[in-house]
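Kindly produce the complete structure, drawing on both the sequences and the hints.
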Amino acid sequence: MKTNDVILQTTAKVVFFIIFLFSIHIFFTGHYAPGGGFVGGLLTTGAIVLLLLAFDLRTIQQILPFNFTIVTAIGLLLALGTAAGSIAFNVPFFTHAFDDFTLPLFGTTSLHTAMLFDSGVYLVVVGSAITIIQSIGGDD
Amino acid sequence: MNTFYSVCLVLVILSMLGLLYRVWKGPSTPDRLIALDAIGVMLISAIALISILFDTPFYIDAILLIAIMSFIGTVSFSKFIERGEIIERGSDR
Numbered sequence: 252m253k254t255n256d257v258i259l260q261t262t263a264k265v266v267f268f269i270i271f272l273f274s275i276h277i278f279f280t281g282h283y284a285p286g287g288g289f290v291g292g293l294l295t296t297g298a299i300v301l302l303l304l305a306f307d308l309r310t311i312q313q314i315l316p317f318n319f320t321i322v323t324a325i326g327l328l329l330a331l332g333t334a335a336g337s338i339a340f341n342v343p344f345f346t347h348a349f350d351d352f353t354l355p356l357f358g359t360t361s362l363h364t365a366m367l368f369d370s371g372v373y374l375v376v377v378g379s380a381i382t383i384i385q386s387i388g389g390d391d
Numbered sequence: 003m004n005t006f007y008s009v010c011l012v013l014v015i016l017s018m019l020g021l022l023y024r025v026w027k028g029p030s031t032p033d034r035l036i037a038l039d040a041i042g043v044m045l046i047s048a049i050a051l052i053s054i055l056f057d058t059p060f061y062i063d064a065i066l067l068i069a070i071m072s073f074i075g076t077v078s079f080s081k082f083i084e085r086g087e088i089i090e091r092g093s094d095r
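For the protein sequence lines, the chains are S and R, in the order given.
Position one of the first sequence corresponds to residue 252 (our numbering), numbered consecutively onward.
Position one of the second sequence corresponds to residue 3 (our numbering), numbered consecutively onward.
Be aware that one or more of the hints could be misleading.
[As the list claims (entries may be wrong)] Residues from chain R shown here face chain S by an in silico Cβ test under 7 Å; the list is partial: (1) Phe60; (2) Asp63; (3) Ile70; (4) Ile74; (5) Val77; (6) Ser78; (7) Ile89; (8) Glu90; (9) Arg91; (10) Gly92.
[Said to hold, decoys possible] Cross-link-like lysine to any residue pairs, in silico, SDA-like; alpha carbons within 20 Å at most: (11) S:Lys264 / R:Ser72; (12) S:Lys264 / S:Ile314; (13) R:Lys81 / S:Ser386; (14) S:Lys264 / R:Ser78.
[As the list claims (entries may be wrong)] Some chain S residues close to chain R (C-beta under 7 Å, calculated; not the full set): (15) Ile270; (16) Pro285; (17) Gly287; (18) Gly297; (19) Leu301; (20) Leu303; (21) Leu308; (22) Arg309; (23) Thr310; (24) Ile314; (25) Asp390.
Hints in this document: simulated from the structure, not taken from any laboratory.
Small disclaimer: the values here were computed from a predicted structure and weren't measured.
Ideal Cβ positions, reconstructed from N, Cα and C, are used throughout, including at glycine.
Here's what the structure looks like:
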């Protein structure tokens, strides 16, 4: 018998964007408030898991055509590149730097290289968690 | 005013104990599932009251996070009860 879950699918389509925006918020406020790359990555994983629950595995692989192990590798490279980039400026490994920039839309913004490291953590968490869930859910 | 919030916290914890009794006693699996979902809501209320009592706004993110995770957990459990599998593979085309 073919089941029809139109309520779950419509709810998932709306709630996905709320969870995704909340994960982006929690990722960007990690410097001044609770949160950061790890929780943001787990929340993005939760949003994708909600889509996986409402639809099936093959549909989500068509919507998000990434190989998530490569996403993990890109995250590790970003974190290692941020840590190793400080060597080029004759300061010890993992030294961070920040400065105030005047951006056209945001005004004066303080940008910190810890953000790049945090986005590396975000990509690693999203990639590894989605890889685990997809490989377990794909088994028969 | 702090006494009022403390009394509210005690009431929320008492209702959480009642829900825990339903989780322990519940005759069927959906009873336990509904009780766990309601425990999530009670946890949200308890964290909000604790955030008022400690006079800090930093617990607000945890409230939204528990709401989202409780929703996803309830949806996945009910899909497991209904179909027997949580994530479907999809048709080969």
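Here is how each hint holds up against the structure:
1. The interface hint given for phenylalanine 60 of chain R holds, since its Cβ lies 5 Å from the closest Cβ of chain S, which is under the 7 Å cut-off.
2. Proximity of aspartate 63 of chain R to chain S holds as hinted, the smallest CB-CB distance being about 6 Å (cut-off 7 Å).
3. For isoleucine 70 of chain R, the interface hint holds, since its Cβ comes within 7 Å of a Cβ in chain S; the closest pair sits about 6 Å apart.
4. Checking isoleucine 74 of chain R against chain S: minimum C-beta separation of about 6 Å stays under 7 Å; hint holds.
5. Interface hint status for valine 77 of chain R: upheld, as the beta-carbon distance to the closest one in chain S is roughly 6 Å, under 7 Å.
6. A least Cβ separation of about 6 Å between serine 78 of chain R and chain S falls short of the 7 Å threshold, and the interface hint therefore holds.
7. Hint status for isoleucine 89 of chain R relative to chain S: holds, with the closest Cβ pair at about 3 Å, below 7 Å.
8. A cut of 7 Å between beta carbons decides the hint on glutamate 90 of chain R: the least distance to chain S is about 4 Å, and the hint holds.
9. Interface restraint check for arginine 91 of chain R: the shortest CB-CB distance to chain S comes to about 5 Å, inside 7 Å, so the restraint holds.
10. Residue-level restraint check for glycine 92 of chain R holds (minimum Cβ-Cβ distance to chain S is 3 Å; threshold 7 Å).
11. Note on lysine 264 of chain S and serine 72 of chain R: the hinted pairing holds, with a Cα-Cα distance of about 18 Å set against a maximum of 20 Å.
12. Using a Cα cut-off of 20 Å, the hinted pair lysine 264 of chain S and isoleucine 314 of chain S holds, with the two alpha carbons roughly 13 Å apart.
13. The suggested pairing of lysine 81 of chain R with serine 386 of chain S holds, with an alpha-carbon distance near 19 Å, which does not exceed 20 Å.
14. Between lysine 264 of chain S and serine 78 of chain R the alpha-carbon distance is near 16 Å, which keeps this suggested pair within the 20 Å criterion.
15. Hint on isoleucine 270 of chain S holds. Least Cβ distance to chain R is approximately 6 Å, under the 7 Å limit.
16. Here the hint on proline 285 of chain S is kept, as its CB sits about 5 Å from the closest CB of chain R, short of 7 Å.
17. Interface hint at glycine 287 of chain S: violated, since its Cβ lies 11 Å from the closest Cβ of chain R, which is beyond the 7 Å cut-off.
18. A cut of 7 Å between beta carbons decides the hint on glycine 297 of chain S: the least distance to chain R is about 6 Å, and the hint holds.
19. Hint status for leucine 301 of chain S: holds, given a least beta-carbon distance of 6 Å to chain R, under 7 Å.
20. Interface hint at leucine 303 of chain S: satisfied, since its Cβ lies 5 Å from the closest Cβ of chain R, which is below the 7 Å cut-off.
21. Annotation: leucine 308 of chain S was flagged as interfacial toward chain R, and the flag holds, the nearest CB pair being 5 Å apart, inside 7 Å.
22. This hint holds: arginine 309 of chain S has a C-beta 3 Å from the nearest C-beta of chain R, less than the 7 Å allowed.
23. Below 7 Å, beta-carbon pairs count as interface contacts, and threonine 310 of chain S has one with chain R at about 6 Å; its hint therefore holds.
24. For isoleucine 314 of chain S, the shortest C-beta to C-beta distance to chain R is roughly 12 Å, which exceeds 7 Å, and the interface hint is violated.
25. With a least beta-carbon distance of about 9 Å to chain R, the hint placing aspartate 390 of chain S at the interface is violated under the 7 Å criterion.
In summary, the structure is inconsistent with hints 17, 24 and 25 from the numbered list given earlier, while agreeing with the others.
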